[in-house]
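Student: Sequence:
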Amino acid sequence: DLRRCAGCYACVVACQMWNNQSPGVAWGHVERREWEDGETSHRSYLPHACMHCIDAPCVAACATGASYKRDDGIVEMDYHRCIGCRFCMAACPYGARSLNFRDPGPYLDEVDLSYPTRTKGVVEKCMMCADRIDAGELPLCVEASNGTILFGDLNDPDSDVRRALDESFAVRRRTSLGTGPSVYYMIKGGEAHA
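Position in the sequence shown counted from 1, then plus 39, gives you the numbering used here.
Treat the hints as calculated values from the structure; they're not laboratory data.
One thing to keep in mind: the hints can contain errors.
[Unchecked claim] Label pairs and their computed distance ranges (CB to CB): (1) D197 <-> E73: 32 to 42 Å; (2) E75 <-> N194: 35 to 45 Å; (3) G217 <-> N185: 25 to 35 Å; (4) N194 <-> E70: 24 to 34 Å.
What you are looking at is a predicted structure, and each value in this text was computed from that prediction instead of being measured.
Note that CB positions come from ideal geometry on N, CA and C, so glycine has one too.
Could you build the full structure based on these sequences and the hints that come with them?
Tutor: Put into C-alpha cells, the structure is as follows:
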C-alpha cells in the first residue's frame, strides 16, 4: 500500500538479514520520488522486488534451468545450477536480480544456517521467502513492513490482500510488458497497478 510506505527500508533490511545477502546486494529496493505541485512539495516511496511474473521472461531466458517457477507461482532460483551468465538479469524488465560478486559468509556476524549462502558468481533474487511460506509463515518483508506490504491469495475472498483490494481499491493489472506480474501496488485514487 504505497500510501503507507514511509521509506524506512525495514522490508529491505529484513530481507537482507534473513537471506544472508552480501554487502551491497539487496533483493528489494525502495525508490524515492519527489515532485512539486505549485508551492507544495511531495514525496513518495516505491518498493521494488521480483514481480513473480505469470509469464516470467527470466525463466525462459535461463539456459540451465536455474530459474524456475513453482506450482504456486513463486519464481525461484536453484543456485547450484546457476552459472552466472546473467541472461535472466537481461531478460527481467523490472531489474529484480543481482549478481553476487562475493561470498556473504565472511561479512555477516550472524549467519542464518537454515538459509544457505550462495557462492560468488551466481544471480540472486527475491524468492518471496518460499521457505517461510512453506512453513505457514509470511514473507519477512511483510512482517517487517507493519501492514504496508500485504500478502495472500487474490483468489481467496477471505485473504487479507483480497479484502484490502475489495474494500478500498479497484484492481487493474498493467500488462504492457507482457509479463503478468503477481505483485500489485495500491495507490491513492482508487486503482492498483502491477
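Student: Please go over all the hints and tell whether each is borne out by the structure.
Tutor: Hint-by-hint comparison with the structure:
1. Judged by the Cβ atoms, the range 32 to 42 Å given for D197 and E73 holds: they are separated by roughly 38 Å.
2. One distance hint, 35 to 45 Å for the beta-carbon pair E75 and N194, holds here, with the actual separation near 41 Å.
3. Checking the proposed 25 to 35 Å range against G217 and N185 shows it holds: the Cβ atoms sit about 34 Å from each other.
4. Between N194 and E70 the beta carbons are some 29 Å apart, a value that agrees with the proposed interval 24 to 34 Å.
Taken one by one, the earlier hints all hold for this structure without exception.
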